[in-house]
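Visitor: With chain A's structure known, arrange chain B on it following the hints.
Protein chains: 2
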Amino acid sequence: MTELIRAQAQAARGATRALARADDAQRRDFLHALAEALRADTAAIVKANEADLARGRAAGLDGALLDRLLLDPPRIEAMARDVEHIATLPDPLAATFDARELGNGLKIHRRRVPLGVLAVIYESRPNVTVDVAALAIRSGNAVLLRGGKEAIDSNRALAASVRAALVSSELPEDAVQFVDAVDRESTRLLLAQHDLVDLVVPRGGAGLHAFCRQESRIPVITGGIGICHLYVDAAADLERALSVIRNAKVQRPTVCNALDTLLVHAAVAADFLPAVFRTLAADGVRFRCDPAALRLAQGLPGVDAAAAGPEDFDTEWLSLVLGVRVVAGAEEAMTHIEAHSSGHSDGILTADEALARLFLERIDSAAVYWNASTRFTDGGQLGLGAEIAVSTQRLHARGPMGLEEITSYKWVIEGDYQVRA
Amino acid sequence: MTELIRAQAQAARGATRALARADDAQRRDFLHALAEALRADTAAIVKANEADLARGRAAGLDGALLDRLLLDPPRIEAMARDVEHIATLPDPLAATFDARELGNGLKIHRRRVPLGVLAVIYESRPNVTVDVAALAIRSGNAVLLRGGKEAIDSNRALAASVRAALVSSELPEDAVQFVDAVDRESTRLLLAQHDLVDLVVPRGGAGLHAFCRQESRIPVITGGIGICHLYVDAAADLERALSVIRNAKVQRPTVCNALDTLLVHAAVAADFLPAVFRTLAADGVRFRCDPAALRLAQGLPGVDAAAAGPEDFDTEWLSLVLGVRVVAGAEEAMTHIEAHSSGHSDGILTADEALARLFLERIDSAAVYWNASTRFTDGGQLGLGAEIAVSTQRLHARGPMGLEEITSYKWVIEGDYQVRA
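The listed protein sequences derive, respectively, from chains A and B. First residue of the first sequence? That's 1 in our numbering, and the numbers climb one at a time after it. First residue of the second sequence? That's 1001 in our numbering, and the numbers climb one at a time after it.
Isolated chain A (complex conformation) (with noise of 0.2 Å):
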């Protein structure tokens, strides 16, 4: 395994090379390559993918984590035309950037080149697969690519139509490297190949990231847990607070951009929050409450209300559970997410601008929000084309990573035989 793996990670870094001298339409013909290996090779990634479900079935998972691993032709479709979309994106390599002339003479500006190799460790949902090999060859990067073991026959039909892409387009073949074991070692073994992998990205849960960032020897972007926090001004409008709040928790759950906690000013709480409990208690939510808030919650038909627990305002729910805290004002709410945030996305609905940026102002999380759902922190929805991880750390990337987060720059110096004084 050990040889196996150290191999893999050679190969990967021995393409970057070839991959550095392809041009954009290359990498781009790679991608329209890579849509149709993945349309004519339907048949054998569902093939694949039914022997997951069974496994997963016998294996007891539930009906949410099967739906994940699912692939069927619409969403093998819907992959390829995500693929395809990432070719209709500006060349992230194509910037220079910082030009200028100094004093001496000398000519020096920054030129965006990729990162290298990245490695992405990732579980469950098998598309992850082509979503990275797609953003990794579009910004001229080879990558390792290790999936759960919950996908493991999806991923590796996968990675054959990847390679087979790479194949037709003339890239090499070696610069996506599918990692096909699935026990802890392995990913162990990766992590310790700092001489050859420039980025490992973990794209899982909380023990997912923390095994990366302990066992790591090569820098890793941690992300993806949101804590996320909005705040209910008395000056907010209160009709259209109510449909972002559900926007934010309903639209979908799992996701980390989901809300967990909301705060509500108390001069409005009265008015404002019995509305909420009942408009999403009928959306299948269920409410961890403050005493305040719960005073409030108490009695509402159809309403499933308790008292927060010590941990409640610390936890990433991922499901249809809310935390609600009534607070004094826009003073007491910074400080309660200042103490419970993750850093991913937190927000003020309020009419009140100088509060409102303010809040921008001294709330630090990957993504701050002004009278928006949280829902919006996404390299699709911001303007990014595509994403390949959100990052809540805050060296070389934060929040939503598109093509530009997984490049690096180099230095160019050009002179008439300056010497340094």
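One or more hints might be untrue.
Example chain A residues on the side facing chain B (calculated, C-beta under 7 Å, incomplete) [said to hold, decoys possible]: (1) 107; (2) 238; (3) 242; (4) 244; (5) 303; (6) 395; (7) 398; (8) 399; (9) 408; (10) 414.
In case anyone wonders, no lab produced these hints; they're calculated from the structure. Every value quoted in this text rests on a predicted model; they were computed, and no experiment measured them. Positions of the beta carbon are idealized from the N, C-alpha and C atoms, including for glycine.
Guide: Same frame as chain A, now just chain B:
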């Protein structure tokens, strides 16, 4: 010790909010206060430094190391001026970028914010204590300073001046934490504080960098190791090439951007290399040569040239030693550089623009040069005004890191109660 380091990291983290709220005028006030404090404390700093020097002499440190350690009134005045210079640079936190309005009316931009808490681990030179504190505070970052044991008394005195300046400029005194410990275990403990520290910057030799990469649970900027190359093409201006080579090798041989290996096109080697050998030998340079270069060195009076050993072309000399190799042409030179460079600074000397463009494109080092000395890889020289480190990794920042390179950003999203479809 565990509690002490944890407490210092917590204190630094606790200071970040007050720091983030300070405006740039206050951060600049601190720099002026620090310059004045250094001047006022000169006698105490010199006295502390004498204790370090005495210990160093007793331990048998060589002259170069003792010189690195020395702080006298002119050097303290130079430090004060460097600090004042940092106050003249543009505010690194003023920038907003990538502003746009999306189709749904959301207005988004990214805004620079401090990284948070830095930990800088450094060896020998005590001025790093002052430089790093100044750069950190100007960019709104708290910092943990962990210097080497040789300079412990000097560092302690300088840290006292830094904290006095924080107090007098009404910034949180806890924003700069001097870790008053010199054992490896204290470094290990520091590297474990991933929930409190955002970035580790080692400044020292290869051993320190490897230790940090191995032990850290916090992202580390590795760098500072330069195996640097110049390739002299057949189309170079040989007279001026010689002055560039001399500058790159001799001007300051102990630093990472000094020249390590000279590659010379075979067509000009017989003309050019004897002049290189004679000129640099007069500066005290010794040579490690491939067979073709060695033949050209033999018999030259005063030239100390030996056959290169198997690791000589993979050595960062940090001294007056130069590897020399004759190559058949640019292709062989680039292949050599790709195999042996540490990715710091590599250059080509030629009048052939097409060849130079190829070299600048293909050689993937942090800084690539056409007709200039490698000694310019430095934040001050390349227009950043100052530098906290030189990165040879690809994540976050590459090459010289100035104020902007120790910031992060956040996404600011302003809307009118938009929800995600």
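Visitor: Of all the hints given earlier, name the ones this structure violates by number, lowest first.
Guide: Checked against the structure, the hints that fail are numbers 1, 2, 3 and 5, while the rest are satisfied.
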